[in-house]
Amino acid sequence: MRPLAAVQRWLFRLGRDEQVPIVLTQRRIFIVPTRGGIVFAIVLAVMLIGAINYNLSLGHALIFLLAGLGIVAMVHTFHNLFGLRLTPARAEAVFAGESAYFPLAIDNTRPQPRRALEFAFSHQPVVRAEVPPAGRATVAIPHAAPRRGRLDPGRITLTSRYPLGLFRAWSYLHPTFSCIVYPRPIRTPLPPAASTAHADSRHGEGGLEDFAGLRPRQASDPTRHIAWKAVARRSDEQPLLVKEFAGGAADELWLDWALTPGNRDPEERLSILAGWILAAEEQQALYGLRLPGHLLRPAQGPTHRAACLQALALHGEPTR
Amino acid sequence: MRRRPGVALELGAVPWLLAAALATTVPHAEHLPPWLSALVGSALLWRAWLWYRRRPLPARWALALLVGGCVAGIAWQFHTLLGKDPGVALLVVFMALKPLEMDNRRDAMVVILLGYFLLLTHYFYSQSIPAGLWLLSTITLLTATLIRVHGGAQPVAAIARLACLLLVQALPFMLILYLLFPRVSGPLWGLPQDAYSALSGLSEQMSPGSISSLTQSGAIAFRSQFAGEVPEKADLYWRGPVFDDYDGLTWRARPPAGGPARADPLIEARGQVHAYTSILEAHNQRWLLALDVPTRLPPDSRLAPTLEVLAREPLRVRSRVSFVSALDYRASVAEAAAVLQQSLALPAQFNPRTRALAAEWQSLPPREIAEAALTKFRHEPFYYTLQPPLLGPDAMDEFLFTTRRGFCEHYASAFVFLMRAAGVPARVVAGYQGGEVNPVDGYLTVRQSDAHAWAEIWLAGQGWVRVDPTAAVAPARIEQGIAAALPEGEPLPVVVRIDADWLRQLRNRWEAANNSWNQWVLGYNPQRQREVLSRLGLADADWQKMTATLAVLCGTALLIVTLWTLPARRAVDPVQRAWQRYCKELARRGMARAEWEGPLAFAQRVARERPDLAQLTSEAAACYAELRYGCQGDARLGQLQQCLHRLPPQRRRKA
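For the record, the sequence lines run as chains A and B. Residues 1 to 320 in the UniProt record's numbering are what the first sequence spells out, letter by letter. Residues 1 to 655 in the UniProt record's numbering are what the second sequence spells out, letter by letter.
If you are wondering where the hints come from, they were derived from the structure by calculation, not from laboratory data. Computed from a predicted structure; not experimentally measured. Heads up, a few of these hints could be off.
Pulled a few chain A residues facing chain B out of the computed Cβ check, cut under 7 Å [unchecked claim]:
1) Val43
2) Leu62
3) Leu65
4) Tyr162
5) Leu164
Where is the CB? At the ideal position from N, CA and C, for every residue including glycine.
Could you put together the complete structure from these sequences and hints?
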């Protein structure tokens, strides 16, 4: 098996595509007859025998025209892929058990449309795309995401049988795709707010009750805390200011690894934490996340939610 | 085994497939039993209805039953499942029923391949020009269907355009393969019995009415092209079978006499000879129609003792043969006594009046006997007609003394009867007389309606001499053709009687086109291929040479098609090119422009880092920015290009 793999690696130029966009050149496109194409050839051979036997001159003409059609179809199938420029884009994070979609922009510089392009990761569903003449199309290629973590979908096979289905041209694309897969959320009741008074938490700090001054905004600050009036007063390009509050510890929620049932599987505990994050976000509560070796201070909003879920997704993985 | 689920067929592709099925089966309706055509039509209609109402396809077992029923029906109709006609019928049935289980792309592919196969079977029945055109349009439809099946929904015009483009690109391959693919002369195995049904022409015997029924057909018997001038119409006697055995009703060719093999007939050609090439339509007989009398024969043929040319095999395909003939000749001056004896034989009874008349002439020299008979035809009220009355057992008596109405076979046989009864060796020759030159391509066209019968008598010192009694009755038949000789109202085919000039011209053009088609498309056999190739400079090509040439030419064509379909390289904007070249030169000098850097920003950076290049670069950048984003047109393009040349030469790197 080893030598075959080496041949494959050489023939198909396996390896990641570092350069973007990926341009499909001759060397990257492979073409073989499909099963239909082989049957077509057999049918032509049978027809030729018939035409010779019955001395059908016009039959010869028909067979030769069809043979020419086959050859021309090969060229067209090849050209359907030739010169395409493919640009990978970022994939949106998904929850485990869902399908991740990897977007790929396809640019066609030729005045002919490209039709029936089929994209698929190996052993994954196929998605078809068409690119208008001298235009661009975007395709989202699905890949099942059964486990949390960082999903590396591997290489894409781009196939085309257009126009006649007698030949199959394909190319392997291996852009550096990755997608964060969050743990599959398990909905359990949120931990009681009282439990926020954790041993090492600095009680009363960063609350929402009492105004405690202004500070420069950070990405994780909710927009409704921006001190618009204060911003409006200052004309120069300063970072936005947010109001800081103190107190109100009751609203502060700590989603702690230690609060999840200790007798469960670690993955399940991460799933429970994911469920909590979703619930806390829905209740518009301020929540923080505490994992072994990782701590996210309480905040709220989509960015915070994503950061928390990502922390869960990558928990225990070597950081990159 | 469970079928692997294929790629589901789009609903939108179904009408295309049904149209393809229809287009390939409809022409077969002509030669299929009506119940089968009706069944095919209703199966396709049913499938169309299912598609229209988005109904599920019928169950497998129902289809299996239907197919079994159809196969049984075909077996019952044709008494067999082997052979051409039942085979075609089976294919048609499969083509009609396959769409009823067609739900994925592989089934669609099967339908298309069946369609291509059915196209071939059309040529069992006709290989005419219309059939060829039908081929082109149907193949376009089938190809368009394939495109629709594999390419998804798209405008019909786009599909049609691509299908036509593919076919146009396939044409050169077809031509190369057609010319160079080593031809094998078939058949490879014994053909089924029904392979040569409907062929018409002269038959092996002649009875009253056999030639007049042939003249009802305007079909072409053969075409000839003369190397020199076409001889006079009255001299164009095309010799077919010779009949010298009469049983009182029917003339037959005598079976070859036993005993010593007869010597080859001796022909002494006098005067001018004519070389010509004929394209003979298949007639399923061995004789090749040559102008009286051939002196040089095509290969694989021989001259029979009765002077007709016989091929080795019955003529089952349209064939191209070349002859040289002499119109003035003496043949078989020293004919064997046995042959002469047989040329006097008559049935023992019947026709007493004719025998009595001949007995009166017996004392005359042979030539005068013939003259006396012709004089009788000329002066008595004989009529030349396609509709003679029926004759009884004393056929000659009735014809010569009572009815006096007949066609050429009546005159020829009566004349020969008279000669034999008077002691002059005589025989009947059947063949064609005359022909018409098609001004479009110069070919002489001879039709079945030109079929004729005449007589030959043997004279001592002159051999066999042709006597045409019809000429005595209706001289116009020989000089102007049958349409002139027969009065209006005689049942002649329309093509023969065309009077309107434009119609005649149209017919001539059509037949000339057909002639080229026959020679170049249908008659392109191994022999013709060798001829053509040697004319193209590929003398005595064997299959290896041909295959090599074929491969080279196909490769060239493939290259051309590939280049044709390759995207035209986008013309690079000259402004862009000049600027890129400038930046490249600068990069060599250590100042690479970053991808994201605009021209002016780049110039500023150059000014900071490389003061020596600052001025030129800011000029070039200003030019580029002006050309790109300004509104003064291409005025400063030259200046930008100049900047490149004004760059100081590159400094040598110190080693």
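Quick rundown of the hints versus the structure:
1. Val43: holds, 5 Å
2. Leu62: holds, 6 Å
3. Leu65: holds, 4 Å
4. Tyr162: Tyr162(A) check passes; min Cβ-Cβ to chain B is 5 Å, inside 7 Å.
5. Leu164: holds, 5 Å
In summary, this structure violates none of the numbered hints.
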